[in-house]
Amino acid sequence: MNSLPRLLLICLCCLWVVGCKDKKKDEDKTPGKTTGKVKIVFTPMYHDQPFVAGAVYHDNMGHRIRVDNLLCYFSLVNILPVSGNAVLAKDIYLANFSMGNTIEVDAPHGSYDGLSFNIGILPEYNKNVDPTTYPNSHPLSVQGSQGLFWTWNTGYMFLKYDGKADLDGVEGNPLLSPFAFHVGDDPFLVPLSFSFPTLQVNAGDEKQIKIIIRVDKIIDGENDQINIETDNLTHTGGNTALAERVMTNFANSISVE
Amino acid sequence: MRSYWGFLIALCISCNSHTDVLDGEVNIKIPSWFPEIAYPEDNVPTKARIELGRRLFFSEDISAGGKISCASCHTASAAFTDGRKVSIGAHGKPGKRNAPTLENLAWMPYFMMEGGVPTLELQAIAPITDTLEMAKNLMVIAEELNNDDYFKSLSLAAYGRPVDPYVITRALACYQRTFISGDSRYDRVIFEKRNDQMNEEERAGMDLFFSPRTHCSECHSGVFFTDYNFYNIGLYETYTDIGKERENYNVDDRGKFKTPTLRNIELTPPYMHDGSISSLEEVIDFFNEGGKNNPVKDPRIHPLGLNEKEKEQLLAFLKCLTDWNFVQNAAFLPLE
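In order, the protein sequences belong to chains A and B.
So for the first sequence, my numbering puts the first residue at 12; every next one is plus one.
So for the second sequence, my numbering puts the first residue at 10; every next one is plus one.
Do not take every clue at face value.
What the hints assert, rightly or not - In silico DSSO-like links for lysine-lysine, alpha-carbon gap of 27 Å or less: (1) A/Lys228 <-> A/Lys175; (2) B/Lys94 <-> A/Lys175; (3) B/Lys94 <-> B/Lys328; (4) B/Lys105 <-> A/Lys138.
In short, the hints are calculated from the structure, not lab data.
The task is simple: from the sequences and hints, build the whole structure.
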């Protein structure tokens, strides 16, 4: 009496296993269904050297500056195939440039020649959200947001860039003058798109795309020099003009290769 | 769930003027002339939630250095203010604004003086983490409280999970929603028809308050004595705290702050967003003089021409908005 159900169960298990094997075989055979790994590596630089948070640098105006915090939200990070639909690498990513930042994505076999993302968080995830409802590992959670949640207004800072400076620029002087550029809110969302030479991704490949950030260009912008002696504080509200300048310089500091 | 609460509230309103909202164990008295409370679906009050919120509200462990609690700046006897121009934070530094009263928060549509925070739950994050206030990381607080068997078990009973930022913000909001004030002499006269509760001078003050001559009641309106809107009242010609503009970047909103309630106003000096006016008499003088010039000052702020007697009448009426039962309520004191 008891052996019949057991036999039935064993048969079902065998069928399931066989079914899975067949499916796997089909996947392997179908072009475009197999994936390779693409690593999107954020590479912050300061005057052509790797950026180090806490190190002392010089800006173009002769100030000595130490960047203590450089954090930024990126959203809808997509790699773009030569033809076909974009491949979502990350919906929301918080890059803390005190450490390494890499996004990994399994990309279908194919050719890719572009990358798109937003600096900042899409409005539906930015305003009127409650960070306490996200699991700790989520970049929008209390823990995961690393202090970028704006408690007085809800929403998140998109870019946090702050530290201290010696405005006299004398070696050995203490760095006593604070600067803080905290930029956020929906109007400051910046969509960016880059193209690069075609990258062929085959099954099992591991390829890399670099997002270069010229941290020095946030202050020493190509078209806009920010003088931290006079323009050293924005929490966006209260100094939206400076927030806009900082965000524009930051967006212009980014390239992809 | 909400309709169930609505039914219970309606049932209670039909029974007496001070109604009881029941959820099995919780009894929250709401004056019948107040609207129904729309509790968040995930934070309907229970005994455990209110008790946890109360413990947290009075806990100094939720501030850096363990020296201040919510109650340090929001003391019940002062209608949940602290009598200071601006409060002193955990690191001994002054804050930027005058501590607001915490009353009838269950009906407040948004929080902070520029109205940028949509829920009482979210509001709790601001003072806890602000470096000029309690200056403590919510994750650290959660970790520490979970090491306390009492807090951990209370959290599990209240929300079915150990202490975390979600629990902390919910419990604090749940407790603060019990801060209901609607038993002033004004309430007794207007809503309970107990005419002996106000004298002639106070009634004259009430007439002035609600008259188009003063415009007071146009912003300090409704049962909560606020329209929750934002106005520049000409406190300064140039504002260092830009108020609503900080939230919406609109220069036309510079120096605009949310209309505060006037309930218990007698107990909450000093006044204005920065505590710059020390007494209620001076506030009346300020409005009587029409404020300072400011390009976005509300047009209703202009010299009122009140004489000394009228100012005294207005002051007498404002004192009728004090709810002594509210500020002496034992439920707003720390648990043993």
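Keeping to a limit of 27 Å between CA atoms, is the pair of A/Lys228 and A/Lys175 held or broken?
At roughly 17 Å apart (the allowed maximum being 27 Å), A/Lys175 and A/Lys228 satisfy the hint.
Hey, B/Lys94 versus A/Lys175, does the alpha-carbon distance stay inside 27 Å?
Answer violated: B/Lys94 to A/Lys175 is near 31 Å, above 27 Å.
Does the structure keep B/Lys105 and A/Lys138 at a Cα separation of 27 Å or less?
Holds. B/Lys105 to A/Lys138 sits at ~24 Å (cutoff 27 Å).
Within a Cα-Cα threshold of 27 Å, do B/Lys94 and B/Lys328 meet the stated pairing?
holds (21 Å)
The structure fails hint 2 only (numbered hints given earlier).
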